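Participant: Below, each chain spelled out in residue letters.
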Amino acid sequence: MRSTRRFAAFAALGLTLAACSSEAGSQAADQAESTAEVQEDVSFDAGTTMAELNEAGSITIGTKFDQPGFGLLNPQSGDPEGFDVEIAKLVAAELGIAEGDINWTETVSANREPFIQNGQVDMVVATYTINDARKQVVDFAGPYYVAGQDIMVAAGNPEGIEGPEDLAGKSVCSVEGSTPAQNIRDNYPEAQLVTYDVYSKCADDLANGNVQAVTTDNVILTGLVAGNPEGFELVGNPFTEEPYGIGLQLGDTEFRDFVNTVLEESFEDGRWADAWDRTAGRITGEEAPEPPMVDRY
Amino acid sequence: MQFLSDNADLLWSAFLTTLSLAVVSGVCALVLGTVLAAMRVSPVAPLRGLATFYVEVFRNTPLTVVFFFLAFGIVQIDLQFPSRFITAVAALSLYTAAFVCEALRSGINAVPPGQAEAARALGLTFGQSLRQVVLPQAFRTVVPPLGNVWIALAKNTSIAAGFAVTDLTAALQRLANANADQLLAVFAAVVLGYLVITLPSAWLIRAIETRVAIVR
Chain Y
20 MRSTRRFAAF AALGLTLAAC SSEAGSQAAD QAESTAEVQE DVSFDAGTTM AELNEAGSIT
80 IGTKFDQPGF GLLNPQSGDP EGFDVEIAKL VAAELGIAEG DINWTETVSA NREPFIQNGQ
140 VDMVVATYTI NDARKQVVDF AGPYYVAGQD IMVAAGNPEG IEGPEDLAGK SVCSVEGSTP
200 AQNIRDNYPE AQLVTYDVYS KCADDLANGN VQAVTTDNVI LTGLVAGNPE GFELVGNPFT
260 EEPYGIGLQL GDTEFRDFVN TVLEESFEDG RWADAWDRTA GRITGEEAPE PPMVDRY
Chain U
256 MQFLSDNADL LWSAFLTTLS LAVVSGVCAL VLGTVLAAMR VSPVAPLRGL ATFYVEVFRN
316 TPLTVVFFFL AFGIVQIDLQ FPSRFITAVA ALSLYTAAFV CEALRSGINA VPPGQAEAAR
376 ALGLTFGQSL RQVVLPQAFR TVVPPLGNVW IALAKNTSIA AGFAVTDLTA ALQRLANANA
436 DQLLAVFAAV VLGYLVITLP SAWLIRAIET RVAIVR
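Sequence order for the protein chains is Y and U.
Residue 270 in my numbering is what sits at position 251 of the first sequence, and the numbering runs on without skipping anything.
Residue 459 in my numbering is what sits at position 204 of the second sequence, and the numbering runs on without skipping anything.
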C-alpha cells in the first residue's frame with residue numbers, strides 16, 4: 020500500500036517535470052548527408068599541426084551540444100549536428116580526416132579557452148565570438164559567420180518591444196557569463212536582467228510569463244523560436260555584431276593560416292553556403308547570407 | 256590583481272548572496288528537520304508515515320531536480336515564489352531538512368531508552384519528554400553529522416547559480432567568460448569565497464563538539 024502511494028507521487032513528479040522541459044532541445048534536425056569531401060592524399064610540412072593531425076588520422080573538436088542549428092547533439096547518433104559542426108567537418112576534410120574520425124567534445128562557454136590551452140581539443144567551433152580578451156589566450160581563425168544580438172518575445176509581441184531601448188523596466192533573460200548578458204548590463208542598465216545557465220530555462224520563463232523577453236545572438240534565438248513557433252517570435256532587429264571564429268592554440272600561426280584558407284575556399288566554391296542551407300538555414304528558412312571577410316590579424 | 260579589485264563589488268555581493276542562501280536555508284532546514292525528526296519518532300502512525308515519505312522523497316531526489324520543480328514545475332499549477340532567491344531557499348531547505356531529520360533521528364536513537372521511559376514515568380507528556388529530555392541529548396550527540404550537513408548545504412547553494420541567483424558560482428561564470436585571460440584569478444577568488452564560509456564552520460563545529468559531546 021505504502022509503496023504504491025510512493026510510486027504514484029514519483030510518477031506525478033516525473034510527469035510534471037517532463038511536461039515543462041523546453042521543447043527547444045527536442046528538434047534534432049533531420050539532415051541530408053554531409054558533402055564535405057575528404058582529401059585523400061594531402062601532405063603538409065613536417066612538424067606543423069596539420070601534419071600531426073593528418074598523421075594521426077583523427078582530430079578532437081569542441082562544439083556546443085545544445086544549440087539548434089549550430090551545434091546540437093543528435094541523441095540517436097551521439098554526434099552533434101549544425102552549422103558549426105559542418106564548418107568543423109570542412110576543415111577536418113581538408114586535413115584528410117573523415118567525419119567518422121572526429122572526436123566531438125562538448126565545450127560550453129566557460130570551458131572553451133581552458134580546453135584549447137591545455138590541448139584537450141585541437142580546435143573549437145562553438146558560436147565563439149572573437150574578442151580582444153579571448154585573443155590574449157587563444158588564436159582565432161575566421162570569422163566564418165557574423166551573428167547579432169537580438170530579442171525574443173512572446174508571440175504577438177504584447178509588450179511592443181522593438182529594440183534594446185524598449186527593455187527599460189522589463190525583465191529580460193539571458194545566460195550568466197554570456198556576452199549578450201554583459202552587453203545588457205553595460206549598455207542597457209534599465210532592463211532587469213535575469214540570468215540562468217542555459218537558454219532553454221529562459222524560454223521556459225518566457226512561456227510562463229516570468230520574463231518579458233529573452234536576448235542573445237539571433238541564431239540561438241531562431242532555434243528557440245523553431246522549438247515553439249506558436250509561443251515565441253523574434254523582434255528581428257539585431258543590435259550588435261558577433262563575429263564567430265574558430266578557436267585555436269595561441270601562436271600556432273601556420274594552423275590558423277591553414278584554417279583561414281580553408282574557410283576562404285569554402286566561401287568561394289559554395290561549400291559554405293551549402294552547409295548553411297542544410298543546417299541553420301533550414302531552421303531560419305533564410306538563404307545563406309554573404310560570407311564575412313576572414314580577418315588574418 | 257587589478258582585475259579582481261575592478262570586480263570587487265560583484266564578488267562581494269555574490270559572496271553575501273551565497274552566505275545568506277546558506278544561513279537562511281540552514282536555519283529553515285534545521286527547524287523543518289527537527290519537526291520531521293519529532294514526527295518520525297512520534298506515537299502517531301500517520302505522522303510517522305508522512306515524515307518517512309517526505310524524507311525518502313527529498314533524500315533520494317537530486318537537488319537540481321528539486322530546484323527545477325520549484326522554479327518551473329509549480330508554475331503549471333499556478334503557484335510561484337515571489338523571487339528567485341526565495342525559490343532557492345525553499346529548494347535548499349526542503350532538500351536539506353531530510354538530511355537534518357535523519358542525522359537527528361540517529362541522535363535520538365542514541366539516547367538510552369531508559370531516559371525516555373524515566374521521563375514518561377515522571378508524568379511528562381511525549382512533547383515534554385522530547386523537548387526537555389531526549390532532543391537536548393540528541394543534538395549534543397549529532398554535532399559532527401549536522402556539521403557535515405551544513406557544509407554540504409553551503410556547497411549545494413552553488414546550484415542556485417543555474418536558477419537566476421547571482422551567487423559565487425554565477426559570478427565565476429560571468430567573470431570567467433568575460434576575462435578569459437584571468438581565469439586562475441577568478442577561480443582563486445571564488446574558491447576563497449567558499450572556503451571563508453566552510454573552513455571556519457568546520458572549526459566551529461569541532462569546538463562545539465568538544466564542548467557538548469556526551470561521554471557514554
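Wrong hints could be hidden among the right ones.
Reference listing, derived: stretches of chain U covered by chain Y, where coverage requires no fewer than 3 residues with Cβ under 8 Å from a Cβ of chain Y [claimed, not checked]:
id, stretch
1, 275-285
2, 326-339
3, 431-440
Ranges of calculated distance between the beta carbons of each label pair, as one might list FRET restraints [claimed, not checked]:
id, chain 1, residue 1, chain 2, residue 2, range
4, U, 410, Y, 283, 26 to 34 Å
5, Y, 227, U, 278, 43 to 51 Å
6, U, 391, Y, 208, 46 to 54 Å
Pulled from the structure, derived: some chain Y residues nowhere near chain U, Cβ distances all over 12 Å [unchecked claim]:
id, residue
7, 130
8, 132
9, 306
Just so you know, these hints were derived from the structure itself, not from any lab.
This structure is a prediction, so every number in the text was calculated from the model and none was measured.
Built from N, CA and C at the ideal position, the CB exists for glycine as well.
Participant: Each hint should be assessed against the structure and marked as holding or not.
Facilitator: Okay, the hints, checked on the actual structure:
no., hint, result
1, 275-285, "violated (count 0)"
2, 326-339, "holds (count 7)"
3, 431-440, "holds (count 7)"
4, U:410 - Y:283: 26 to 34 Å, "violated (49 Å)"
5, Y:227 - U:278: 43 to 51 Å, "violated (29 Å)"
6, U:391 - Y:208: 46 to 54 Å, "holds (52 Å)"
7, 130, "violated (9 Å)"
8, 132, "violated (4 Å)"
9, 306, "holds (32 Å)"
In summary, the numbered hints that this structure violates are 1, 4, 5, 7 and 8.
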